[in-house]
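What follows is the residue order along each chain.
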Amino acid sequence: MRLLLTGAAYQLRLLRRSPGDLIALATTPLLTVVFLAVVEHNGRPDLAVNAVLAPALIALWGMSLLIAGDMIDAERATGTFEVLVATPARLWPLFTGRVLVVTVVSLLGLVESWLVATVVFGVPLRVAHPGLFAVTLLATVLAMSGHAGVMTSLFVLSRSARIFQNSLSFPFYVLGGVLVPVALLPAFLRPVSTVVFLSWSADLLRDSLRPAAPDSPVLRVGMVLGLGAAGAALSWWLLSVVLRRARRTGSIALGG
Amino acid sequence: MTESPCIEIEGLTRTFSHRIFLARRPITGTIALDHVNLIVEYGEVHGLLGPNGAGKTTLCKILATILLPTAGTVTVCGSDVVTDPRAVRRRIGIVLGGDRGLYGRLTARQNLRHWGALYGLHGTALRSRIDELTERFGLTTRQHDRVETFSRGMKQRVHLARGLIADPELLLLDEPTDGLDPVAATEFRALVGQLRAEGRTILLTTHNMAEAEQVCDRVSFIDNGTILDADPATLSALVSRYERIDALGVTEPTRARVSTIAGVERVEDLPDGYVRFHATDRPAATAVLRALVDAEVTRIRNSEPSLEEIYLHLMGGQRGMRVD
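Read top to bottom, the protein sequences are chains R and A. Going by full-length UniProt numbering, the first sequence opens with residue 1, and the numbers climb by one from there. Going by full-length UniProt numbering, the second sequence opens with residue 1, and the numbers climb by one from there.
Worth flagging that the hints you see were computed from the coordinates, not collected in a lab. It is possible that part of the hints are untrue.
[As the list claims (entries may be wrong)] Examples of chain A residues lying across from chain R (beta carbon under 7 Å, computed): (1) Tyr42; (2) Leu68; (3) Gly101; (4) Leu121; (5) Ile261; (6) Arg276.
Where a beta carbon is used, it is the ideal one built from N, C-alpha and C, also for glycine.
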């Protein structure tokens, strides 16, 4: 726990020193404008919820993936990754603490898209099930942090994480039902989507904004947390395997 | 019962392989360390001297558990670097040369707080340790400045403070004065000298002979992954044994006559017009001087052999070494 807090404290200090890391939040209002304009033009106010949540979830995923990848690249660039490996600290909680901070900060994207909807488009948004909404957000943040760790572990093996970051974004936006609900995706994609926590989160968040009572909320929150825990366990295992491999191959200090 | 050494290396080999895409087996490439044996006792400041690419940093990284050995055993402070790396990490500090190993966007104090937390320090103990180290290394007035604004010399002080944050039994210094200006390098060596006086065990890698002589109790030469142990007495003997006499205005007959003196190893023309006679011992050097004076050569100077020459004599190799 202490290492998790150490990682979180370090990331907070870095964010204060380099606001450029929050660039994803600059695009969130623009995406909201685009999505809401399409919704309004087509006379589908029922899809406003999708248009508001999608940019926020994109910010959440994008920022988490960015920090997960850049973390290793940046540590290698400063030569601190080798020194980190040489400390007795377990790196998994340290990295997870860092991602957790960025994921929490990325929730500002939700505030932004909400403001764009109400102020610019005059769309009245009301959270019909605030408790479920809050719990789902919390579960999503935790699950996101667990999954980002998988990326961090894999990025240890890569000389440049940027290619993977860019390639991994859009498949997950689709499989995670970020804009288009999974139910509307081609049938062959749905089984894959069920193991992507973001698809459960996105559906649940949308349902919590609508007046109708959501189906099986506890089970669905459980799925988000369960998949998040599975991601966290996978990332913990992967990091130890990958670090041992990097120590064997001499690729701890790889870069460029 | 005698205490086991701080570092005990036996038959250490490290090779670096690379794998071609889709190939089933890796291709064995460089042999960085080749059956290295080394012992460093507690309280000793041990220098590891060698040219760039000799294997110094590889050895340092294996001791720091950043790299795994390919073969052989390495024990640090009683723990094996392969089977019990976490125990090793708790008892060592590492300082890398150049700009590696610090977060530039954080202040010196924030860096030390972060690294201290990674060694399990927190609260009052961490704060007082940071106070002690910033005071000791002259960082107090700049502890709240970002490290990226520091000079190389200041950064290296922060590096050293970071390496000592957990009060390690063994400090690994990998080319710590690399890139420092002479003043900063001298200051840094003075700090290492203080640590030596405290009886701390230090392994220092360098290609600077003067640095090794100044701060080390014992040195090892390393090149092509092979190591040769030596103590300062051996070095001193070599320095005094291999002498060089340079002379200006030496005629061909004199040169021919002097080069036949027993103990004259070779004769070399220097860019400044001097002719250098390499003598293998003191009597030979004396004979060379006498012959030159008899030949009425008046512009004579003598000098000690360079590290490269000592190194070649020690290793019997063909490869030279850069001497700063």
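Comparing the hints with the structure gives:
1. Tyr42: 20 Å, violated
2. Leu68: 5 Å, holds
3. Gly101: 5 Å, holds
4. Leu121: Because about 10 Å separates Leu121/A from the closest Cβ in chain R, which is outside the 7 Å limit, the hint is violated.
5. Ile261: Result: violated, 51 Å to nearest chain R Cβ.
6. Arg276: 42 Å, violated
This entry does not satisfy hints 1, 4, 5 and 6, going by the numbered hints stated previously.
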